[in-house]
Amino acid sequence: MRMTLALVFVSLAACVDESGSTDTEEVTTEIRINPRTDGTEPGYVNGVLCTQVFPGALTPQTQMYLIWAVGTNGIVNAPYNTPRRPNLYAVFGTGTPLFETHHVAGQDQFDHYHVLEVPGNSHDVDNTTWDVLALFPGPNFNAATYRSAKSVRQLMAQSAAGILSPVMTLPEAGFPEIVLRTPVTCPRDGDHALPDAAL
Amino acid sequence: MRGGLSIAIVALGASAAGCVDRSGVAGHACIVFDIRNTALCGAKQDIGGLSVVEVMGGERTTTDADGGFSVAIPDGATRAVLRVAEDRTDRRISLIGVDVAPTDDVLAPVITTTLWTTYLTALHVEDKPTTATVHVSLSPLPGIAVGGVEVAGASTILYNQGEAFIWNEQPPGDQTPAVMAFGVPVESGTAMVNVISRTDEVLYNGPVPVQAGAITWVRIQR
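Residue numbers (the working numbering), protein chains in the order written: chain A, 1123 to 1321; chain B, 20 to 241.
Be aware that one or more of the hints could be misleading.
Claimed, not checked - To give an idea of the interface, some chain A residues facing chain B are shown, with a C-beta separation under 8 Å as derived from the structure:
{"hint": "1", "residue": "Gly1217"}
{"hint": "2", "residue": "Gln1231"}
{"hint": "3", "residue": "Pro1261"}
{"hint": "4", "residue": "Ala1265"}
{"hint": "5", "residue": "Glu1294"}
{"hint": "6", "residue": "Ala1295"}
{"hint": "7", "residue": "Gly1296"}
As the list claims (entries may be wrong) - Chain B residues, not near chain A, derived (Cβ > 10 Å throughout):
{"hint": "8", "residue": "Val72"}
{"hint": "9", "residue": "Pro148"}
{"hint": "10", "residue": "Ala164"}
{"hint": "11", "residue": "Gln189"}
Worth flagging that the hints you see were computed from the coordinates, not collected in a lab.
Everything numeric in this text was worked out from a predicted model, so none of it was measured.
Each residue gets a CB set at the ideal place from its N, CA and C atoms; glycine is no exception.
The whole structure should be built from the sequences, with the hints applied where relevant.
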């Protein structure tokens, strides 16, 4: 029997116009995850720990990027690091907890966590293709006190403060370029969202 | 050196330059990502087209797309020194000493300039281009813990404490996966390295090649 887990996220956005009346808009994002064939990894979107999906990553047909199974169509044939495509930041070497870490068994040296660039404070992620960039600890990094950045704003603040390195392209770290295809689903209504001030 | 602990590394020494026959050394270059472990190579790294020069005989080649290389060494030489990536500004120059005898898979670590700078910055180490760096990695040596490392003339020696970006000036309580010596003088072309265990066992003792601005990679393994 085919096991398909359908996750349907419905977000209700309340908008107030100048007259003070309230209008309600329904936005629906549906991403199906087959736990037998699709891989998933955590990734932060504007303060919320969301789920990146790699369709087909658990099948023999998956594409591989270095040690990572990225799904049957995970590698996008497109120019890398273009200004209009959103970024997916991979932060290495910070020793973050497993629940927020992309970990491959036996490959601890490549452990990292993700932060995805989504405009505004939205947790509705329509974008599916990403330029992948990397960060590492910086001169003011303290493993004992470090807490993962949960938004791009936090990430850039940590980088500017020297807690993390400047943003690095993948070739600068010795990796090949990649434009990655991964749909992202976030918990409904941002159940685990941080206060805006923390982003 | 204690019997039973085979050291796959370096040492400068005898060379009969000039007369080169078909003998040589072969191996593969590996992009260093996690500086604790220089032997973990990811697939599909950008590792092709790097220059590989056998310093003593002057023979040179370039790595293939997978990082593989084979280079001739002078006839009768028992040791060789490889200089890798000297033609690339986006890679740091690597020096690797090689015992010629069983050498058909020499590991040649290479790190990008940007990532190396990132490590130095995070570790608060000044990059002095007139001096050398010696990196010593230790494959797991069960039951053996590093007691101390000496690298002649080094201004700073840092011991990895387990996490990739945690290095201190003293060995950790348990095993040390890697040690880095910075500010190593290069005038003589070699630097004496002495690695001893906590029980005073000599894990390595000998000269390694050094060059200004280059990283000498030494690997101690069973």
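Do the hints match the structure? See the list:
1. Because the smallest distance between the Cβ of glycine 1217 of chain A and any Cβ of chain B comes to about 5 Å, under 8 Å, the interface hint for this residue holds.
2. Because the smallest distance between the Cβ of glutamine 1231 of chain A and any Cβ of chain B comes to about 3 Å, under 8 Å, the interface hint for this residue holds.
3. Checking proline 1261 of chain A against chain B by beta carbon gives a least distance of about 5 Å; that is within 8 Å, so the hint holds.
4. Interface hint at alanine 1265 of chain A: satisfied, since its Cβ lies 6 Å from the closest Cβ of chain B, which is below the 8 Å cut-off.
5. For glutamate 1294 of chain A, the shortest C-beta to C-beta distance to chain B is roughly 4 Å, which falls under 8 Å, so the interface hint holds.
6. Annotation: alanine 1295 of chain A was flagged as interfacial toward chain B, and the flag holds, the nearest CB pair being 5 Å apart, inside 8 Å.
7. Here the hint on glycine 1296 of chain A is kept, as its CB sits about 4 Å from the closest CB of chain B, short of 8 Å.
8. Remark: the non-interface label on valine 72 of chain B is consistent with the geometry, its nearest Cβ contact in chain A lying 21 Å away (cut-off 10 Å).
9. Under the 10 Å C-beta cut-off, the non-interface status given to proline 148 of chain B relative to chain A holds; the minimum distance is some 19 Å.
10. Annotated as non-interface, alanine 164 of chain B keeps its C-beta farther than 10 Å from every C-beta of chain A; the closest such distance is 20 Å.
11. With a closest Cβ-Cβ approach of about 17 Å to chain A, glutamine 189 of chain B is found to remain outside the 10 Å limit, as its non-interface label requires.
Going through the hint list in order, the structure satisfies each hint without exception.
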